[in-house]
Every structure is written in structure tokens, then in C-alpha cells.
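Enquirer: Based on the provided sequences and hints, a complete structural model is requested.
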Amino acid sequence: MPAGGKTILHKHHLTEEIYHITDGSGIMTLGSEEFEVKKGDNVCISPGTPHRIQNTGNTPMKILCCCSPAYSHEDTELLE
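Those letters in the sequence shown? Residues 1 to 80, by our numbering.
For the record, the hints were derived by calculation from the structure and aren't laboratory data.
These numbers were taken from a predicted model, which means no experiment stands behind them.
Some hints here could point you the wrong way.
[Claimed, not checked] Here are the simulated DSSO-like pairs of lysine-lysine, each with C-alpha atoms no more than 27 Å apart in a straight line:
#1 Lys62 to Lys38
#2 Lys38 to Lys6
#3 Lys62 to Lys6
#4 Lys62 to Lys11
#5 Lys6 to Lys39
#6 Lys11 to Lys39
#7 Lys39 to Lys62
#8 Lys11 to Lys38
Expert: Next comes the structure, spelled out in C-alpha cells:
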């Protein structure tokens, strides 16, 4: 994700996700919480939980995203 970039607030009805931050730093929105994330952090996102991640650093943020079941556009609801 480029410096200053962010995802759209969204949720997945069936899919659980795990974000592993492999480089960079940012702010994670998870439900009503916001917290800082950095290289080496893991974030578990339960089905139905609104979430967004924003790169607040000056360099690209790299994220390994694992989804179970596999990601599906049909399971994704955009909230903005």
C-alpha cells in the first residue's frame, strides 16, 4: 500500500482475515477501535467486523493477508 493510502471501510460476512504487517506502519480500524500497527504485527479480523487499514508512514506498507474461507467479492460489504 503506498504512503498515505488506505482501504475502504468494509466487512466480510463469512470470511475471517489475518493481516501480517511485513513492512511499514499505519493505523488499523477494527470495529470501534483504532490502533497503531507496524512491521511484525498481526491483526485477526472476525467475520462481520468493520475494518480498514491506513498507511501513515512515508514508505510503502506491505501486508500479508490470509483469508478463510478464501476471499470473495460477494462476501464483502463496502461501508463508505
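Enquirer: Indicate, hint by hint, whether the structure satisfies it.
Expert: Quick rundown of the hints versus the structure:
1. With a C-alpha separation of about 10 Å, the suggested pairing of Lys62 with Lys38 holds against the 27 Å cut-off.
2. With a CA separation close to 15 Å, the supplied pair Lys38 and Lys6 stays within the 27 Å bound.
3. Restraint check for Lys62 and Lys6: the C-alpha separation of about 12 Å stays at or below 27 Å, so the hint holds.
4. About 20 Å separates the Cα atoms of Lys62 and Lys11, which keeps this hinted pair within 27 Å; it holds.
5. Between Lys6 and Lys39, the direct Cα distance comes to roughly 16 Å. Compliance with the 27 Å bound is thereby established for this hinted pair.
6. The suggested pairing of Lys11 with Lys39 holds, with an alpha-carbon distance near 23 Å, which does not exceed 27 Å.
7. Only pairs whose Cα atoms come within 27 Å are accepted, and Lys39 paired with Lys62 is accepted, the gap being roughly 9 Å.
8. At roughly 22 Å between alpha-carbon atoms, Lys11 and Lys38 fall within 27 Å of each other, so this suggested pair holds.
Violated hints for the displayed structure: none, as all numbered hints are satisfied.
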